[in-house]
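*Asks:* All the letters of the sequence shown, read from the start, carry residue numbers 1 to 111 under our numbering.
Mixed in with the good hints, there may be bad ones.
[Unchecked claim] So the derived label-pair ranges between C-beta atoms look like this:
1) His56 - Gly77: 13 to 23 Å
2) Val79 - Thr32: 38 to 48 Å
3) Glu29 - Pro84: 29 to 39 Å
Treat the hints as calculated values from the structure; they're not laboratory data. From the three backbone atoms N, C-alpha and C, an ideal C-beta is built for every residue, glycine too.
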Amino acid sequence: MRKCIPKCNPECDIEANVKDLVIYGRITECATDEPIVGAIVKGFVVQDCEEIPITHSYSGCDGRYLLNIPQAFEHEGRVITIKPGDELLINANCSGLPPVPCHTCQNDCTC
Numbered sequence: 001m002r003k004c005i006p007k008c009n010p011e012c013d014i015e016a017n018v019k020d021l022v023i024y025g026r027i028t029e030c031a032t033d034e035p036i037v038g039a040i041v042k043g044f045v046v047q048d049c050e051e052i053p054i055t056h057s058y059s060g061c062d063g064r065y066l067l068n069i070p071q072a073f074e075h076e077g078r079v080i081t082i083k084p085g086d087e088l089l090i091n092a093n094c095s096g097l098p099p100v101p102c103h104t105c106q107n108d109c110t111c
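Go ahead and model the full structure; you've got the sequences and the hints to work with.
*Replies:* Right, dumping it as structure tokens:
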């Protein structure tokens with residue numbers, strides 16, 4: 001249930017069921033901390049040892065990305081519901097589309 005409450009009434013309670021999760025961040029080059037433009041960022045959920053793709057996005061001119069993770073989605077003809085405790089994975093790679101100043105990190109987790 002969703003209720004719209006006027007901002008000017010701080011006494012009211014808001015009831016809502018959260019259906020989506022938004023994950024955002026910034027992709028930067030390891031050595032220079034410069035933004036990486038056009039990196040593909042993918043979101044996965046892990047269930048029963050399977051990485052199931054959820055969504056993807058591209059980093060913008062400042063390296064920032066935003067992923068919307070729905071509570072339930074369809075994958076290969078079945079409905080996947082994300083449950084509390086499920087592991088979410090976020091993976092970023094160069095898209096290969098010019099001009100993309102992507103540089104491979106050498107086992108450096110700070111990328």
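*Asks:* Look at each hint and say if it fits the structure.
*Replies:* Each hint tested on the structure:
| no. | hint | verdict |
| --- | --- | --- |
| 1 | His56 - Gly77: 13 to 23 Å | holds (20 Å) |
| 2 | Val79 - Thr32: 38 to 48 Å | holds (43 Å) |
| 3 | Glu29 - Pro84: 29 to 39 Å | holds (35 Å) |
Violated hints for the displayed structure: none, as all numbered hints are satisfied.
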